[in-house]
Amino acid sequence: MSARETILRRIRAAVADAPEVAVPRDYRTASGAGGLGGSAVQDLPGLFAERVDDYRATVLRAGPGEVAGVVAERAAARGVERLAVPPGLPEEWLAGLCDVRLLRDDPPLANDELDRAHGVITGCAVAVAETGTIVLDGGPGQGRRALTLLPDYHLCVVPAGHIVRGVPEAVALLDPRRPLTWISGPSATSDIELDRVEGVHGPRVLDVVIVGN
Amino acid sequence: MSGTFLGMPAFPANAARAVQDSQLRHNLRKATHTIRAKRLSTIAEVPDWRELREAAKAVKDATLRDLDRHLLCLEEQVTATGGHVHWARDAAEACRIVAGLVRATGETEVVKVKSMATQEIGLNEALAEHGIEAYETDLAELIVQLGDDRPSHILVPAIHRNRAEIREIFLRSMPDAPPGLTDEPAALAEAARLHLRQRFLASKVAISGANFAVAETGTLVVLESEGNGRMCLTLPETLISVVGIEKIVPTWRDLEIFLQVLPRSSTGERMNPYTSTWTGATEGQTFHLVLLDNGRTDVLADEIGRQALRCIRCSACLNVCPVYERAGGHAYGSVYPGPIGAILTPQMRGMGSPLDASLPYASTLCGACYDACPVAIDIPEVLVHLRARAPHPPAERAAMGAAAWTFSRAVRLTRAQRLASRLRRLLPRRLPGPLSAWTDTRDLPEVPAESFRDWWSRTQGGPR
Ligand code: SF4
Chain A
5 MSARETILRR
15 IRAAVADAPE
25 VAVPRDYRTA
35 SGAGGLGGSA
45 VQDLPGLFAE
55 RVDDYRATVL
65 RAGPGEVAGV
75 VAERAAARGV
85 ERLAVPPGLP
95 EEWLAGLCDV
105 RLLRDDPPLA
115 NDELDRAHGV
125 ITGCAVAVAE
135 TGTIVLDGGP
145 GQGRRALTLL
155 PDYHLCVVPA
165 GHIVRGVPEA
175 VALLDPRRPL
185 TWISGPSATS
195 DIELDRVEGV
205 HGPRVLDVVI
215 VGN
Chain B
166 MSGTFLGMPA
176 FPANAARAVQ
186 DSQLRHNLRK
196 ATHTIRAKRL
206 STIAEVPDWR
216 ELREAAKAVK
226 DATLRDLDRH
236 LLCLEEQVTA
246 TGGHVHWARD
256 AAEACRIVAG
266 LVRATGETEV
276 VKVKSMATQE
286 IGLNEALAEH
296 GIEAYETDLA
306 ELIVQLGDDR
316 PSHILVPAIH
326 RNRAEIREIF
336 LRSMPDAPPG
346 LTDEPAALAE
356 AARLHLRQRF
366 LASKVAISGA
376 NFAVAETGTL
386 VVLESEGNGR
396 MCLTLPETLI
406 SVVGIEKIVP
416 TWRDLEIFLQ
426 VLPRSSTGER
436 MNPYTSTWTG
446 ATEGQTFHLV
456 LLDNGRTDVL
466 ADEIGRQALR
476 CIRCSACLNV
486 CPVYERAGGH
496 AYGSVYPGPI
506 GAILTPQMRG
516 MGSPLDASLP
526 YASTLCGACY
536 DACPVAIDIP
546 EVLVHLRARA
556 PHPPAERAAM
566 GAAAWTFSRA
576 VRLTRAQRLA
586 SRLRRLLPRR
596 LPGPLSAWTD
606 TRDLPEVPAE
616 SFRDWWSRTQ
626 GGPR
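Going line by line, the protein sequences match chains A and B.
Going by the working numbering, the residue at position 158 of the first sequence is 162; the numbering climbs one at a time, nothing skipped.
Going by the working numbering, the residue at position 425 of the second sequence is 590; the numbering climbs one at a time, nothing skipped.
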């Protein structure tokens, strides 16, 4: 008998007597059910900014027409000379940059080229206020997964309308068939005395620009 | 990792040695107390924690109830999205499958993301026998591997090492460690970054585990902190994931529960820095999924013991356990230490060895683990259940049998207590014969002149 058949048979024999289980979903769900009144958060961008800041990422706010200026200011502040850019990123976000070489990932950059980039700029698919999380799904302006991994600096532009309350709302909006990367602060480790220290293999510096209210 | 758990003495001997090690006790105390405080504060800010815990428990029970169906669904989805699914009855079969897959690529080196399943099956050692070198990339795993040591914690395998010890290990065993390396955690992390960078860029094959596998969509999920997971999952051409059959959740939506409870229970953060999800062959990669039984179906067959398979390996139960805090992880003689190890290891490996038979006793039954567990595994209940199944000397078995007979009926208990009160002057300070081992380490409690039950029925609880 194949391993597959053996395992399936063992399982069927093991749970033959197990009762049916109903799953209670009394927690705060995406549809607002759960009845705990937790969805009463009014200022989602404010909460998101506060939670991202807790991870020791830098958060900036910009009006709709101010993104290019903030992006240029950040790139200068971080000393970025070579910036990786995913396909589909709004061109107007890059309009203020000077003296920065744009490495367009189209056709895809080689890994060592990407490794030599100082930073990468992306948008995002969804952001979660309560946990200060950005989710990338590889869509326009976000790029493939390595793009936001190899450069040591990640500048992420988050339109305020992309921010949702909690994890259930984000899960409901995301498509599992796309590769997803959930990012909460810069790369970190808790492996030394269980204390969070910033910076191991992923980008060690994360700047988040929230656009609009 | 060349350290091995095989042939270790029973838990009491290991623990007795560990508590003599004051450096170890200090490291563990410091780390577990830090994490306890963080966990409590991030959980306190979630108004629906209790409801999330109930749901997490029920989703896992529902998964186990129909595990065959969910596994078949997972297989179908992974295959439909370009992945390859393999089934392994035991550790040897899983190692053989993985070694075969690596050899087929022609590579002799692989990078690894921290995974309990691959530790459990001894994959690194098995690959070495096939001439394949496995490089651990998680900081703590790297510390364990370079220090030729064994893991002592589910989440932070090098928790028994402090920063000064880690610096020494790096200077001794990492050829490219910066000569002026300090014991600042940030400097140690930087050294690991430099050490592994070229390896990530050059590796063609990676091996991972997974925290969850979604049956409905075929999606795998890995939670991590450092970005080494992303490196392994993203850069190599071939990805092999070894996943225990109990890691399944039925639906995509179920992740809305586990992505909340797992980070807060494990590192005490609102969210871990990186979570990756992928479905089938992604961005041009070749993807293999190895589904592992290795004793899990034996656990599943035990009506009380099967709740251990709900475990999402958060390690909260270790961090709150007074026995773990003092004995450390190595004493449990398994890759699964602490309270969860004490119920999982004897069920998966059986209780044939003195070590495995002693594990259900590696607990004070204080219940802190149950309170902390995000999937509500009643660890004390399973411990007591396993104690009854463990091999016992005849005198102890007779005593336990008599106790069960007495406690099972209130009237018998009342009679027995009155008898003991009347005879209390005659009772010895030590138990006789084989039972003396019990009183060697404990004072036999004095029998009161009046039992609590008699006192209560006489006074109704006394003046209030
Ligand atoms: S038994 Fe519960 S608390 Fe312990 S590691 Fe597993 S899920 Fe976490």
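By construction, these hints were calculated from the structure, which means they are not laboratory data.
Any given hint could be a false lead.
Taking lysine to any residue and the SDA-like style, the derived pairs with C-alpha atoms no more than 20 Å apart in a straight line are [unchecked claim]:
| hint | chain 1 | residue 1 | chain 2 | residue 2 |
| --- | --- | --- | --- | --- |
| 1 | B | K195 | A | A114 |
| 2 | B | K195 | A | D199 |
| 3 | B | K203 | A | Q46 |
| 4 | B | K369 | A | A114 |
| 5 | B | K195 | B | A446 |
| 6 | B | K369 | B | E490 |
| 7 | B | K195 | B | W214 |
| 8 | B | K203 | A | D58 |
| 9 | B | K203 | A | E197 |
| 10 | B | K369 | B | H295 |
| 11 | B | K369 | A | E197 |
| 12 | B | K369 | A | E54 |
| 13 | B | K203 | B | Q185 |
| 14 | B | K369 | A | E117 |
| 15 | B | K195 | B | R215 |
| 16 | B | K203 | B | A446 |
| 17 | B | K203 | A | E202 |
| 18 | B | K369 | A | D199 |
| 19 | B | K203 | B | D213 |
| 20 | B | K369 | B | D213 |
| 21 | B | K203 | A | E54 |
| 22 | B | K369 | A | D116 |
| 23 | B | K369 | A | P112 |
| 24 | B | K369 | B | R268 |
| 25 | B | K195 | A | E54 |
| 26 | B | K369 | B | E274 |
| 27 | B | K369 | A | R200 |
| 28 | B | K203 | B | A183 |
| 29 | B | K203 | A | D57 |
| 30 | B | K369 | B | I297 |
| 31 | B | K195 | B | A329 |
Only some residues are given here: those of chain A computed to face chain B with a beta carbon under 8 Å [as the list claims (entries may be wrong)]:
| hint | residue |
| --- | --- |
| 32 | S35 |
| 33 | R55 |
| 34 | L93 |
| 35 | C102 |
| 36 | T135 |
| 37 | P144 |
| 38 | G145 |
| 39 | R148 |
| 40 | W186 |
Computed from a predicted structure; not experimentally measured.
Every residue gets a Cβ at the ideal spot worked out from N, C-alpha and C, and that includes glycine.
Cross-check of the supplied hints:
{"no.": "1", "hint": "B:K195 <-> A:A114", "verdict": "44 Å, violated"}
{"no.": "2", "hint": "B:K195 <-> A:D199", "verdict": "10 Å, holds"}
{"no.": "3", "hint": "B:K203 <-> A:Q46", "verdict": "27 Å, violated"}
{"no.": "4", "hint": "B:K369 <-> A:A114", "verdict": "15 Å, holds"}
{"no.": "5", "hint": "B:K195 <-> B:A446", "verdict": "43 Å, violated"}
{"no.": "6", "hint": "B:K369 <-> B:E490", "verdict": "40 Å, violated"}
{"no.": "7", "hint": "B:K195 <-> B:W214", "verdict": "26 Å, violated"}
{"no.": "8", "hint": "B:K203 <-> A:D58", "verdict": "13 Å, holds"}
{"no.": "9", "hint": "B:K203 <-> A:E197", "verdict": "13 Å, holds"}
{"no.": "10", "hint": "B:K369 <-> B:H295", "verdict": "17 Å, holds"}
{"no.": "11", "hint": "B:K369 <-> A:E197", "verdict": "32 Å, violated"}
{"no.": "12", "hint": "B:K369 <-> A:E54", "verdict": "40 Å, violated"}
{"no.": "13", "hint": "B:K203 <-> B:Q185", "verdict": "28 Å, violated"}
{"no.": "14", "hint": "B:K369 <-> A:E117", "verdict": "18 Å, holds"}
{"no.": "15", "hint": "B:K195 <-> B:R215", "verdict": "28 Å, violated"}
{"no.": "16", "hint": "B:K203 <-> B:A446", "verdict": "37 Å, violated"}
{"no.": "17", "hint": "B:K203 <-> A:E202", "verdict": "17 Å, holds"}
{"no.": "18", "hint": "B:K369 <-> A:D199", "verdict": "32 Å, violated"}
{"no.": "19", "hint": "B:K203 <-> B:D213", "verdict": "18 Å, holds"}
{"no.": "20", "hint": "B:K369 <-> B:D213", "verdict": "44 Å, violated"}
{"no.": "21", "hint": "B:K203 <-> A:E54", "verdict": "18 Å, holds"}
{"no.": "22", "hint": "B:K369 <-> A:D116", "verdict": "15 Å, holds"}
{"no.": "23", "hint": "B:K369 <-> A:P112", "verdict": "18 Å, holds"}
{"no.": "24", "hint": "B:K369 <-> B:R268", "verdict": "12 Å, holds"}
{"no.": "25", "hint": "B:K195 <-> A:E54", "verdict": "29 Å, violated"}
{"no.": "26", "hint": "B:K369 <-> B:E274", "verdict": "8 Å, holds"}
{"no.": "27", "hint": "B:K369 <-> A:R200", "verdict": "30 Å, violated"}
{"no.": "28", "hint": "B:K203 <-> B:A183", "verdict": "26 Å, violated"}
{"no.": "29", "hint": "B:K203 <-> A:D57", "verdict": "17 Å, holds"}
{"no.": "30", "hint": "B:K369 <-> B:I297", "verdict": "13 Å, holds"}
{"no.": "31", "hint": "B:K195 <-> B:A329", "verdict": "14 Å, holds"}
{"no.": "32", "hint": "S35", "verdict": "11 Å, violated"}
{"no.": "33", "hint": "R55", "verdict": "7 Å, holds"}
{"no.": "34", "hint": "L93", "verdict": "19 Å, violated"}
{"no.": "35", "hint": "C102", "verdict": "30 Å, violated"}
{"no.": "36", "hint": "T135", "verdict": "4 Å, holds"}
{"no.": "37", "hint": "P144", "verdict": "16 Å, violated"}
{"no.": "38", "hint": "G145", "verdict": "17 Å, violated"}
{"no.": "39", "hint": "R148", "verdict": "6 Å, holds"}
{"no.": "40", "hint": "W186", "verdict": "4 Å, holds"}
In the structure shown, a violation is registered for the earlier hints numbered 1, 3, 5, 6, 7, 11, 12, 13, 15, 16, 18, 20, 25, 27, 28, 32, 34, 35, 37 and 38, in ascending order.
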